[in-house]
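Enquirer: Sequence:
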Amino acid sequence: MLLRNRHNHATVNRPGIGSHRLHRDVLQWSRTIISVMAFLEDSGYADGCTHVVPGSHLLPFVGTPNNGGWWMDEHQIFADLMDQAVAVPMTEGSLLAFDGVVFHGTGVNTRDSDRLAITLAYRSVDELSGQGEDDEVLVRGQYLYRGSHP
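Residue numbers for the sequence shown follow the working numbering, beginning at 87 and rising by one.
Please keep in mind that the hints were generated in silico from the structure rather than gathered at the bench.
Bear in mind that the values here come from a model prediction, so they are computed numbers and not experimental data.
No residue lacks a Cβ here, since even glycine has one placed at the ideal position from N, Cα and C.
Among these hints, one or two may not hold up.
[To be verified] Computed Cβ-Cβ distance ranges for the label pairs, DEER-style: (1) Arg-90 <-> Ala-183: 24 to 32 angstroms; (2) Asp-128 <-> Ala-183: 14 to 22 angstroms; (3) Asp-166 <-> Val-194: 17 to 25 angstroms; (4) Ser-199 <-> Leu-144: 33 to 41 angstroms.
With the hints as extra help, turn the sequences into a complete structure.
Expert: Below, the structure written as structure tokens:
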């Protein structure tokens, strides 16, 4: 399912903007999303490329989610892991797909121009997928809704 109202946007990383602050995109591990970023131009370290913490999708959920996800630096349990983030430079036209529970973030753009990308969010079709819901588009497969039975 392509989610219309979740993580579908243009990403503009303006010069001097961004941080290495890492977050997750979803509130729970049991119904995650896959984020796909399409890079409209090169995204190197100086452009504020995306950073990820490999394997962080296996880390537990703690605390209270914030703003559709939550921030790694707000939880002491992850303090020793923040330095494990790695830069993921991408070339124009390339795609980066990652699980929404992987800690990730945008670096600081030190160039003189914006860095542009498009982000799309997908999730699996499952028994909670109702045919024709306004916030999702079936991309592949079939609806499996298993709601209340008469």
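Enquirer: The structure should be examined with respect to each hint, and the outcome stated for every one.
Expert: Status of each hint after checking the structure:
{"no.": "1", "hint": "Arg-90 <-> Ala-183: 24 to 32 angstroms", "in the structure": "18 angstroms, violated"}
{"no.": "2", "hint": "Asp-128 <-> Ala-183: 14 to 22 angstroms", "in the structure": "18 angstroms, holds"}
{"no.": "3", "hint": "Asp-166 <-> Val-194: 17 to 25 angstroms", "in the structure": "23 angstroms, holds"}
{"no.": "4", "hint": "Ser-199 <-> Leu-144: 33 to 41 angstroms", "in the structure": "37 angstroms, holds"}
When the structure is compared with the earlier hints, a violation turns up for hint 1 alone.
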